[in-house]
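Engineer: Add chain E to chain R, keeping to what the hints say.
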Amino acid sequence: MVKFILRRLLYALITLWLIATFTFVLMKNLPGDPLGEGSEKIPKETKAMLLKQYGLDKPLWEQYLTFMNNVIHGDLGASFQFPAHTVTDIIKQAFPSSLQLGLISIAIAIVVGLSLGIIAALKHNKAGDYTAMFIAVLGVSIPSFVLGPLLSYYVGVKWGILPAGLWKGPSYKILPAIALSFGTIAILARLMRTSMLDVLNQDYIKTAKAKGLNSITIVVKHTIRNAILPVITIIGPIFVNVITGTLVVEQIFSVPGLGKHFVTSVYSNDYTMISGLTIFYSSILILVIFITDVLYGFIDPRIRLGKGGK
Amino acid sequence: MMQTTSQTTENNNKFAPVSSANLTSERIVRPSLNYWQDAWRRLKKNRLAMAGLIILVVLIVLSVVVPFISSYDYQTQDLKIKNASPSGAHWFGTDDFGRDLWTRVWWGTRISLFIGIVAALIDLIIGVIYGGISAYYGGKVDEVMQRTIEIVYSIPYLLIAILLIMVIGPGIPTIILAYSITGWVPMARLVRGQMLTLKEQEFVLASRTLGASPMRIIMRSLIPNALGIIIVQITFVVPTAIFTEAFLSFIGLGIKPPLASLGNLLSDGANYIRLYPHRLIFPTIIFSLILLSFNLLGDGLRDALDPKMRK
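Protein chains in written order, with my numbering: chain R, 218 to 527; chain E, 6 to 316.
Hints in this document: simulated from the structure, not taken from any laboratory. Be aware that one or more of the hints could be misleading.
For lysine-lysine, the following DSSO-like pairs were computed, each having C-alpha atoms within a straight-line distance of at most 27 angstroms [said to hold, decoys possible]:
hint, chain 1, residue 1, chain 2, residue 2
1, R, LYS340, R, LYS275
2, R, LYS426, R, LYS438
3, R, LYS245, E, LYS49
4, E, LYS50, R, LYS343
5, R, LYS261, R, LYS309
6, R, LYS245, R, LYS275
7, R, LYS275, R, LYS264
8, R, LYS375, R, LYS390
9, R, LYS390, R, LYS428
10, R, LYS438, R, LYS340
11, R, LYS275, R, LYS261
12, R, LYS340, R, LYS264
13, E, LYS204, E, LYS145
14, R, LYS220, E, LYS145
15, R, LYS438, R, LYS423
16, E, LYS261, E, LYS85
17, E, LYS50, R, LYS340
18, R, LYS375, E, LYS87
19, R, LYS220, R, LYS245
20, R, LYS340, E, LYS19
21, E, LYS49, R, LYS343
Computed spacing ranges between beta-carbons, pair by pair [stated by the list, open to error]:
hint, chain 1, residue 1, chain 2, residue 2, range
22, R, HIS290, E, ILE134, 37 to 47 angstroms
23, R, SER388, E, LYS87, 30 to 40 angstroms
24, E, ILE59, R, THR283, 56 to 66 angstroms
25, E, LEU264, R, THR481, 21 to 31 angstroms
We put the CB at the ideal spot given by N, CA and C, even for glycine.
Same shape as in the complex, but just chain R (with noise of 0.2 angstroms):
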């Protein structure tokens, strides 16, 4: 188990490296001069002394060592926006609404998601089903971009009943959560549907019928407990897909968080924020992964004990 865990670690710190190496090398490959438009007309002295501030005279591999020396120590450089601001500032300020933002769309999903699967699953091939995987099937092909301004626009501008935009109070988070959370519902449906079925077949499933137990202990105790497991293994895509969410979701409504940084520091061409939230979020990310393995590595034996698993 400790070997294990130290392989997933070690892909983990390969695939943060990879990362932030690959930032480092478009960043260093962007179109135009370091120093803006018109540079040429800097005098030589001055350029040289601000090439010398930002580093930027010294040889290729010992900026690269800078840049990984710093990303290690959590510096991920100015803002050119903001430039009173560094990166690091702004994700201190701007993350705590992206997160509860982002964990509410998670509750709701968790909560819709499962029930429509275990619905589905228990009437399989019947009405309750196909409705069901409808519902799911919608969830995948309305992405939060199209279904945030229709909800912002019909719920918040039209009927009144929500407000459609911005962060101020628990009303103001309702809209965006659903509009973020309706992907991932459709990804946990479909998952909980096949895990459900493929457990109510199994031989304990008749074994606990034979003894009579009612279905309501059946399903709850049996199925249920057992179906949830390989929906750990997608917490990883589900939080992918409420990140990139919440780059749009954001925009859309207002929302001051991490997510409507990005978007404007990519209208603004913010070279900095823009890498620096990569690896931010890509560093996020990874460690979800590595906790969802490990995590999956305790519950579940198979993957301990055989060659490592998928």
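Structural biologist: What follows is chain E alone, placed relative to chain R:
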């Protein structure tokens, strides 16, 4: 001795050979179906999947035909009629430059489908070759290739795609490239898994005994037998690539106007939703129909092509 002979004669009388002309009950009446015919029969029974297939064919035909026969093109501006609501002349209305939305939506569908299909082809080529080699050689080769996949798999592709596009600049090839960097991984995994099962089977042993080269075995024995699963995967790759384009357009890194793609139509539409809802509604309908039909068809194909699902 005598007794035995008489018994034999008796037996001979009892079990007279039946003339083959009388074997009507043994005759195969129905035509035998091969794998694909069988799959098609099962697919036809799945109403949702057929609905998906029909919608998809209609969308593809419209996206090919409409740009040719429409009396407008995707870029001609007419500022007198900007943001017009749907009417007889402009079925889906017009946008802020007075361009006909009906034509632009179908141009966009065409470009989005093109991106989806090319991305799927690239995926297919890389995934099949990678998965095939990894499974066929096994051992150390497989080990190294699988570890590589695990690392690539945990890279958040949309973020990397965004970085890449910012450096290279947006455009159809960049979007396809950005998607393909990690898009091939699920396909490679799937092909490898399928091949690992297939390569243990007797017909592969037979062809190896006959001296077939590894490439020939992969191309002629393994891939055709894994084709079902590959096709199913493709029906899920195409909508993902189309989604990626739309997502990138939404954050300003997609196809640039005046060219239309479903992504930039959706993103423009979302900005104008309060004033001109028609600009979001129509692209949304077409976009969701594409994703919906691919997903329905993919689900149906998965059931139809998997012999284990036979009832």
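Engineer: Below or equal to 27 angstroms on CA atoms is what counts here, so check R:LYS261 against R:LYS309.
Structural biologist: violated (38 angstroms)
Engineer: Given the hinted pair R:LYS245 and E:LYS49, is their alpha-carbon gap at most 27 angstroms?
Structural biologist: With Cα atoms ~54 angstroms apart, R:LYS245 and E:LYS49 exceed 27 angstroms; violated.
Engineer: Can you confirm whether the C-alpha distance between R:LYS438 and R:LYS340 stays at or below 27 angstroms?
Structural biologist: Status holds; Cα separation ~18 angstroms.
Engineer: Check the hint pairing R:LYS220 with R:LYS245 against an upper bound of 27 angstroms on the C-alpha distance.
Structural biologist: violated (37 angstroms)
Engineer: Would the hint linking R:LYS340 and E:LYS19 be met if the CA-CA limit is 27 angstroms?
Structural biologist: violated (57 angstroms)
Engineer: Holds or violated: R:LYS275 with R:LYS261, Cα cutoff 27 angstroms?
Structural biologist: holds (17 angstroms)
Engineer: Please check whether R:HIS290 and E:ILE134 have a Cβ separation lying inside 37 to 47 angstroms.
Structural biologist: The hinted range 37 to 47 angstroms holds for R:HIS290 and E:ILE134, with Cβ atoms some 41 angstroms apart.
Engineer: Starting from R:LYS340, check that the Cα of R:LYS264 is at most 27 angstroms away, please.
Structural biologist: Roughly 72 angstroms separates the two Cα atoms, so the pair is violated.
Engineer: Can the restraint linking E:LYS50 and R:LYS343 be considered satisfied, given a maximum Cα separation of 27 angstroms?
Structural biologist: holds (16 angstroms)
Engineer: Checking one constraint from the list: CA of E:LYS49 to CA of R:LYS343, max 27 angstroms. Satisfied?
Structural biologist: Holds - the C-alpha atoms of R:LYS343 and E:LYS49 are around 19 angstroms apart, at most 27 angstroms.
Engineer: Verify the proposed pairing of E:LYS50 with R:LYS340, using a straight-line Cα cut of 27 angstroms.
Structural biologist: holds (20 angstroms)
Engineer: Does R:LYS245 pair with R:LYS275 here, judged by a C-alpha cut-off of 27 angstroms?
Structural biologist: Within the cut-off at roughly 13 angstroms; holds.
In terms of the numbered hints stated before, the structure departs from hints 1, 3, 5, 9, 12, 19, 20, listed from lowest to highest.
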